[in-house]
Amino acid sequence: MSSVLYDTPGPRAIRRNRTLGVVTVLVVAAVLAFVVYRLFETGQFEAKKWELFTLPLVHQNMFNALLNTLQAFAYAAVLSLILGLVLSLGRMSVHKWVKYPATAFIELFRAVPLLILMFILYYGLPPLGVEGITPFIAVVTGLTLYNGSVLAEVFRAGVEGLPIGQAESGYAIGLRKSQVMRIILLPQAVRNMLPVIISQLVVVLKDTALGFLITYQELLFLAKFYGSQGQYGSPIIPSAIVFGTIYILLCLALAGVAKLVELRLRSKVGVATKAAGQEIDAGV
Amino acid sequence: MDTLFNNLDIFVDGFRMTFVLFFFAAIFALILGTIVGAMRVSPVTPMRAVGTVYVNLVRNTPLTLLMFFFAFGYPKLGLPDVGYTTLAIIALSLYTATYVAETLRSGINTVPVGQAEAARAIGLPFGQTMSLVILPQAFRATVPPMMSVFIALLKNTTIAAGFSVAEAGTIRQVLSERGEPQLTVLLWVALIFILAVGVLSLLQRYLENKWRVAR
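Chains as they are written, first to last, in the UniProt record's numbering: chain W, 1 to 284; chain G, 1 to 215.
Honestly, the hints are just simulated from the structure, not real lab data. Just so it is clear, the structure is predicted and the values come from calculations on it, not from any experiment. There may be inaccurate statements among the hints.
To be verified - Here are the simulated lysine to aspartate or glutamate pairs, DMTMM-like style, with alpha carbons at most 25 Å apart:
{"id": "1", "chain 1": "W", "residue 1": "Lys-49", "chain 2": "G", "residue 2": "Asp-81"}
{"id": "2", "chain 1": "W", "residue 1": "Lys-259", "chain 2": "G", "residue 2": "Asp-81"}
{"id": "3", "chain 1": "G", "residue 1": "Lys-76", "chain 2": "W", "residue 2": "Glu-41"}
Just chain W, with the same shape it has in the complex (with noise of 0.2 Å):
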């Protein structure tokens, strides 16, 4: 293993290698050991605690659980990509009535905690005379303003990531501004910053879990109403466990399809990039 910050390592090199390899194996191992010991003396291995998780009803309302999560995701991530396009363009606009108040969107949606954002929604609101605000409602509309935002700064990041060539070759052909953009720039854009938006969409997927704290019924609602069952021997961590995983694997599936898209966008010749991986810090 050679690399630029280090030699093909020597002898000497290979043996201390090999040691702080062996350290480091053995200090993870006794992390873990102590995790797993802890939980097992205290009993969340026990058969009672599981047993929960074995039962048809619970299988399907943790299916029902999951398709709350996927629907709050699915709406979010098609709201915002479509509020992300319509703001880049207005504040990409040479109109300055239609540029400040998009910018101003932008920045104001962006610094706003996401959960507070939930909660005027689901709380603030109501008193106003605002009905039909659910919790589902409340988590697509506060997950759609805030990733629409992020999601318009990678739009234009991506419009301004292009040799400035491209507009002008199309001005010269004679299109409009609007040609200009819906023909040339959005679609290499859009092309570049795929990787980007995918992993802004992992972002939503994450978020929708913020639904627990404003009562929307998905997995980790379900984890903690199971997870406080009584006469189960109240299983919260093997609830977490289980909940987790499903979490987990949903997010790096989504996460595995962006970096396959990268891998083969990398791949691919003949898209103008100014700024190759221009770094858009998204949504933490």
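We have chain W already, so just place chain G on it with the hints.
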């Protein structure tokens, strides 16, 4: 205005706790993130593997789930009671550390290959190559994205509100019991966050200009 000034004590307490969460989580995330980031570029294969697994696993876990694990799971393990605030700080640190590690790693990648080659050509070992040549330059390239990570951390502290930590996110709950209009309270909280994020963004821009690497 009245809502804010009549309940200033609650607001101050709430945001003080938010600041405490932010401050300690930022420090621990920086330390842990630097270690993990270094592990991910190190020549030792098991270290790289551990770093990669940790980053990929935790980055793909919702922070809410992580807090859930610590706030509800930890007390069941029969370990010393450390309080919900500490548990929230641990969850925030573990989560943010992965982003710190990734930011550092991409910062290291922005340092031109020639710098590392030159350092090795004059005989510096890995440790000195990193500490004397690569990291000082990587650090500068890292400042703007690192500030974004901390801005995100500041916003993420609100999630602790759902797990028995009395911070900015819980102000609404407390004040609705006092009969204050919830929307007004929440808008004040949002405004304070916007100001705080604005200050951090200004700092980010200032540092970005000050430490721009001349190449």
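Against the structure, the hints come out as follows:
Proximity of W:Lys-49 to G:Asp-81 is assessed by CA-CA distance (about 23 Å); at most 25 Å being required, the pair is judged to hold. Only pairs whose Cα atoms come within 25 Å are accepted, and W:Lys-259 paired with G:Asp-81 is rejected, the gap being roughly 41 Å. Taken as a hint, the G:Lys-76 and W:Glu-41 pair is honoured in the structure, with Cα atoms around 11 Å apart against an allowance of 25 Å.
The earlier numbered hint that this structure contradicts is number 2, and it is the only one.
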